[in-house]
Amino acid sequence: MNIQQRNNVCIQGEGNELVMFAHGFGSNQQTWQYVLTPILAQCRVLLFDYVGAGNSDYSAYSTERYCTLNGYVQDVIDIIDAYELEQVTFVGHSISGVIGILVSLQRPKAFKKIIMIGSSACYLNDDGYVGGFNQEELNVLFQMMEMNFNGWASHLAPIVSSDKESAKVVETAFKQNDAAIAREFAEVTFTADVRAYLHDVTVKTVLLQSKDDFIVPMEASQYLHDHLASSELIFLDVRGHYPHLSHPVLTIKHLLDHV
73 MNIQQRNNVC
83 IQGEGNELVM
93 FAHGFGSNQQ
103 TWQYVLTPIL
113 AQCRVLLFDY
123 VGAGNSDYSA
133 YSTERYCTLN
143 GYVQDVIDII
153 DAYELEQVTF
163 VGHSISGVIG
173 ILVSLQRPKA
183 FKKIIMIGSS
193 ACYLNDDGYV
203 GGFNQEELNV
213 LFQMMEMNFN
223 GWASHLAPIV
233 SSDKESAKVV
243 ETAFKQNDAA
253 IAREFAEVTF
263 TADVRAYLHD
273 VTVKTVLLQS
283 KDDFIVPMEA
293 SQYLHDHLAS
303 SELIFLDVRG
313 HYPHLSHPVL
323 TIKHLLDHV
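Residue 216 in our numbering sits at position 144 of the sequence shown, and the numbers go up by one each step.
Everything labelled a hint here was simulated from the structure, so no lab data went into it.
Incorrect hints may have been included.
[To be verified] Pairs of lysine-lysine, DSS-like flavour, derived with a Cα cap of 25 Å:
no. : residue 1 : residue 2
1   : Lys-185   : Lys-325
2   : Lys-283   : Lys-181
3   : Lys-283   : Lys-185
4   : Lys-236   : Lys-325
All chains should be built: construct the whole structure from the sequences, respecting the hints.
In structure tokens:
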């Protein structure tokens, strides 16, 4: 199988350093558009779409493969192997930050650093753990997606964004998704729990987290920081789950500090 076509892999720029950008749930590689230019001035950049998102090969999607995070982890591993990547900086938004740390457990030489933007080890509240959601709230989210996918997209986009412009970008990205695939990815994302794996992660991690994020409370970011052996937690004094869209200058500053 052609991995480049399957995952719509695009490599840009010149230089020895490579930064691999991974989009989150309901999104695609276009959501990185506002932060790329300064990165490309000093690094190569690899963009891709998970199968079932953006301009990936939708015929490669199967519920059997993508019913857990393992399928998405394998997408990244396939790209790493196909392009023989080593010591790259992995930038993962939301669930992709978690996917990145799971990849690092199987390909320890692939990443020299993982930058996680708005990521969480578990979105469900648990005894003594604040994930941000209870099961009933997630069930309502899933039901909304099933009943009226476009309505769900229009409803959620402004809630998770900080301004009208970024909300429009997020809503457009949501609506470009196949409704059935997005519904499955939503359940995979919001029911994922990788807390048990955090102590095994050895790669350096940087956590960028908005102080006011509807999806990820600060407690969840603090938990990641406390349980990742080599991590730095940076709280951004902004609102929204997509700082790379709403506050690109601030996001670029922190990315350039760590690539």
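These are the hints, each one checked on the structure:
no., hint, verdict
1, Lys-185 - Lys-325, "holds (16 Å)"
2, Lys-283 - Lys-181, "violated (32 Å)"
3, Lys-283 - Lys-185, "holds (23 Å)"
4, Lys-236 - Lys-325, "holds (23 Å)"
This entry does not satisfy hint 2, going by the numbered hints stated previously; all others are met.
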